Amino acid sequence: MTTELHYTIIDETCEYSLRELCNVCKVHAQFIQDLIDEGILSPQGQSPREWRFAAVEIKRIQLTIRLQQDLRINLPGTALALDLLDEIEQLKRSKLHLEQLYSLNKQS
Amino acid sequence: MEFKDYYTTLGIKRDATQDEVKRGYRKLARKYHPDINKDDSAEERFKEIGEAYEVLQDVEKRAAYDKFGKDWKAGQDFNPPPDWDDGFEFNGGGYTENDASQFSDFFESLFGAQGGGPRQQDPFGGQHTRYAGKGQDLHAKIVIHLEDSYSGSKQSFTLQRPAVNESGHVITRPHTLQVSIPKGITGGQQIRLAGQGAEGMSGGGNGDLFLEVAFAAHSHFVPDNRDIMLTLPIAPWEAALGAAIPVPTLGGTVELKIPPNSQTGKKLRLKGRGLCSTKINGDQYVTLAIMTPKAVTDKDTEFYNRMKKEMSFNPRSHLGV
Chain A
61 MTTELHYTII DETCEYSLRE LCNVCKVHAQ FIQDLIDEGI LSPQGQSPRE WRFAAVEIKR
121 IQLTIRLQQD LRINLPGTAL ALDLLDEIEQ LKRSKLHLEQ LYSLNKQS
Chain B
21 MEFKDYYTTL GIKRDATQDE VKRGYRKLAR KYHPDINKDD SAEERFKEIG EAYEVLQDVE
81 KRAAYDKFGK DWKAGQDFNP PPDWDDGFEF NGGGYTENDA SQFSDFFESL FGAQGGGPRQ
141 QDPFGGQHTR YAGKGQDLHA KIVIHLEDSY SGSKQSFTLQ RPAVNESGHV ITRPHTLQVS
201 IPKGITGGQQ IRLAGQGAEG MSGGGNGDLF LEVAFAAHSH FVPDNRDIML TLPIAPWEAA
261 LGAAIPVPTL GGTVELKIPP NSQTGKKLRL KGRGLCSTKI NGDQYVTLAI MTPKAVTDKD
321 TEFYNRMKKE MSFNPRSHLG V
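Protein chains in written order, with this note's numbering: chain A, 61 to 168; chain B, 21 to 341.
Simulated from the structure, these hints should not be mistaken for lab results. Incorrect hints may appear among the rest.
Some chain A residues judged to face chain B by a derived CB distance under 8 Å, without partners named [stated by the list, open to error]: (1) 86; (2) 119; (3) 130; (4) 140; (5) 156.
Have a look at the derived ranges for each label pair, beta carbon to beta carbon [what the hints assert, rightly or not]: (6) B:33 x A:131: 42 to 50 Å; (7) B:240 x A:147: 44 to 52 Å; (8) B:21 x A:96: 25 to 33 Å; (9) A:105 x B:83: 51 to 59 Å; (10) B:272 x A:116: 26 to 34 Å; (11) A:155 x B:185: 27 to 35 Å; (12) B:274 x A:89: 23 to 31 Å; (13) A:96 x B:77: 32 to 40 Å; (14) A:116 x B:80: 39 to 47 Å; (15) A:147 x B:193: 32 to 40 Å.
This structure is a prediction, so every number in the text was calculated from the model and none was measured. A virtual CB, placed ideally from N, CA and C, is assigned to each residue, including glycine.
This is chain B alone, in the form it adopts within the complex:
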């Protein structure tokens, strides 16, 4: 097991005051909250910050942690001495803010897993009361390819689901789900699986599981809700004279007519070529980008020189120069 330096995690010094601990935590929690920071590593980071704060905000836990903490470096192999927590008593043993099942082995080896569990207390002070005994809703993100949505697919996902084991400890168990990805699902949309959330307490039903869909980055398509954006390079003569050129779509290559005298940035629509569900259609939007051939050979140069001489063209006339 690796030693975790909670002070570094919160970006504070070892002698930080309790106020500084709180400030350090709040600043980083805002920065790495997975709903705000869409970076892949944000969720992991947010959990680490929560774990560090859980220990350092509690004077007793912090003192216990400090007792051996100074001799260890983050990442070093670590086993707590058997009597390390002598003389410390952890009041309540609960985790005030966080879901204990999310904490690291390192945390558990020090403070145990007692009294944790999905939080049931009402975070809004009565503004809205949670249903008694009902299991918590769980949220997870699933990453799929645009092609999976375009034609629909069936996929398996393994999620870590919190559960309570025989001795009453909160643990996570891998849970594999087979999910049919319906045709035309879009990024940010959710799939709700009733009763697949955390287990309820004392007869309360299970919570629900919400899977939020995210798309893996595609080499050339960018999704915008149901529409698919593509930047299409074209030759100057195709732009000037007009052309019928092949364009990739999620459903295969189609022919696109480019009107004469098109410019870079012109947007053309391929109707119904986006992410279409059974009820709503999406389109593909093609943005033209004119690519200029390089003047490599003498012949190329000569050709460009002729254009320069024979075509009266000033792309900067609107700038008055």
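Chain A on its own, in the form it takes in the complex:
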């Protein structure tokens, strides 16, 4: 079966309210509040009503849920894991870049 579908691109231009975010991630507002308290999410705005979440943060929520579920990591541990994963990603890119430079020297 092949279907063409309606879809949303979750990029840096979309923002969600607390309600929309809970809907998309299928979690309760309290869970989002816990993630904010842990520093995993950082919305713009003062009160829950005004909060605006960058849509790319959805991935952090999904990762948190999966890490908690699969590896039984608690919230502070998940926050640490997310930061370290970001850092690893950054380091891998730099490494790839340096490797390119190095492989050029080997060719010559």
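Once you've looked at the hints, dock chain B against the given chain A.
Just chain B, lined up with the frame of chain A:
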């Protein structure tokens, strides 16, 4: 069907205690979790580990598995004897941790597919309750080329989607989706397809499908979010005298001006030559790498000797030598 050695999968001995089974599983689960290990084979490995643990952590299932397990080697052709599970009763028949539709045929031939299905229980003990009856969200990775993002494209992907068949068993069905890849999508970004996740139960709506974009490795471009990195080899005279040289970009060759006296590692920006969406632009960053021609002929050697004599150059002056 191939026999699977669950003990080898978990890296433990046949006489391992239940505690050792648990430790072996946790250690490997952390190592091969697909969110942590970005290796292509990690997801497959994680599933195997989950399946092995599902059997070995349950004393009854483990005993049943052990009954014939010792005579078989991993990869060997295998059919379970018809009465192999006599005297064993699998309490509940559920899969405590894992999604049964992900398990191998080998597992299914032994323990059946009863009672599995996308997990609906709340993993957070009430911290956040899942919506009743609503189907599970599904996540999949799609691998595309940088060029697909640069100019946008339309592609078909086939995903394995869990479903419940007529007899109530959880199976996976191939599901082909035609997806428009929008111009300027970046690695790690997600495409959300509402209602394309797992089917809901008793009237609950379907879950959503999240496709996460990953780029296939490119021979010379490295993406960094919206920007594209390229290491550009140049000749010493191009670096010293400055030059206008052709540079490949995802959109074709462009001319880049190299300022005089550039060094290896210098970064130059080609504005708007990265992954640009309708709203945000990316750039291409070119890092210069000066390549030294080899002294092959007598003439080359003579030329280098002249440089050595006539140019006062000490690349190690900052080291004090």
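Here's how the hints hold up against the structure:
1. Interface restraint check for residue 86 (chain A): the shortest CB-CB distance to chain B comes to about 6 Å, inside 8 Å, so the restraint holds.
2. Hint status for residue 119 (chain A) relative to chain B: holds, with the closest Cβ pair at about 6 Å, below 8 Å.
3. Hint status for residue 130 (chain A) relative to chain B: holds, with the closest Cβ pair at about 6 Å, below 8 Å.
4. This hint is violated: residue 140 (chain A) has a C-beta 12 Å from the nearest C-beta of chain B, more than the 8 Å allowed.
5. A hinted interface residue such as residue 156 (chain A) counts as satisfied when its beta carbon comes closer than 8 Å to some beta carbon of chain B; here the least separation is about 5 Å, so the hint holds.
6. At about 24 Å, the beta-carbon gap between residue 33 (chain B) and residue 131 (chain A) misses the expected band of 42 to 50 Å.
7. Take residue 240 (chain B) and residue 147 (chain A): their Cβ atoms lie about 26 Å apart, and the range 44 to 52 Å is violated.
8. Under the hint 25 to 33 Å, the C-beta atoms of residue 21 (chain B) and residue 96 (chain A), about 49 Å apart, miss the expected range.
9. Separation of residue 105 (chain A) from residue 83 (chain B) is about 57 Å and conforms to the stated range, judged on CB atoms against 51 to 59 Å.
10. The hinted window of 26 to 34 Å between residue 272 (chain B) and residue 116 (chain A) holds, with their beta carbons roughly 30 Å apart.
11. With their beta carbons about 46 Å apart, residue 155 (chain A) and residue 185 (chain B) fall outside the hinted range of 27 to 35 Å.
12. Distance hint check for residue 274 (chain B) and residue 89 (chain A): the Cβ-Cβ separation is about 49 Å, which falls outside the suggested range of 23 to 31 Å.
13. The beta-carbon spacing between residue 96 (chain A) and residue 77 (chain B), approximately 35 Å, falls within the hinted interval of 32 to 40 Å.
14. The beta-carbon spacing between residue 116 (chain A) and residue 80 (chain B), approximately 45 Å, falls within the hinted interval of 39 to 47 Å.
15. At about 39 Å, the CB distance of residue 147 (chain A) to residue 193 (chain B) agrees with the hint of 32 to 40 Å.
Going through the hint list in order, the structure does not satisfy hints 4, 6, 7, 8, 11, 12.
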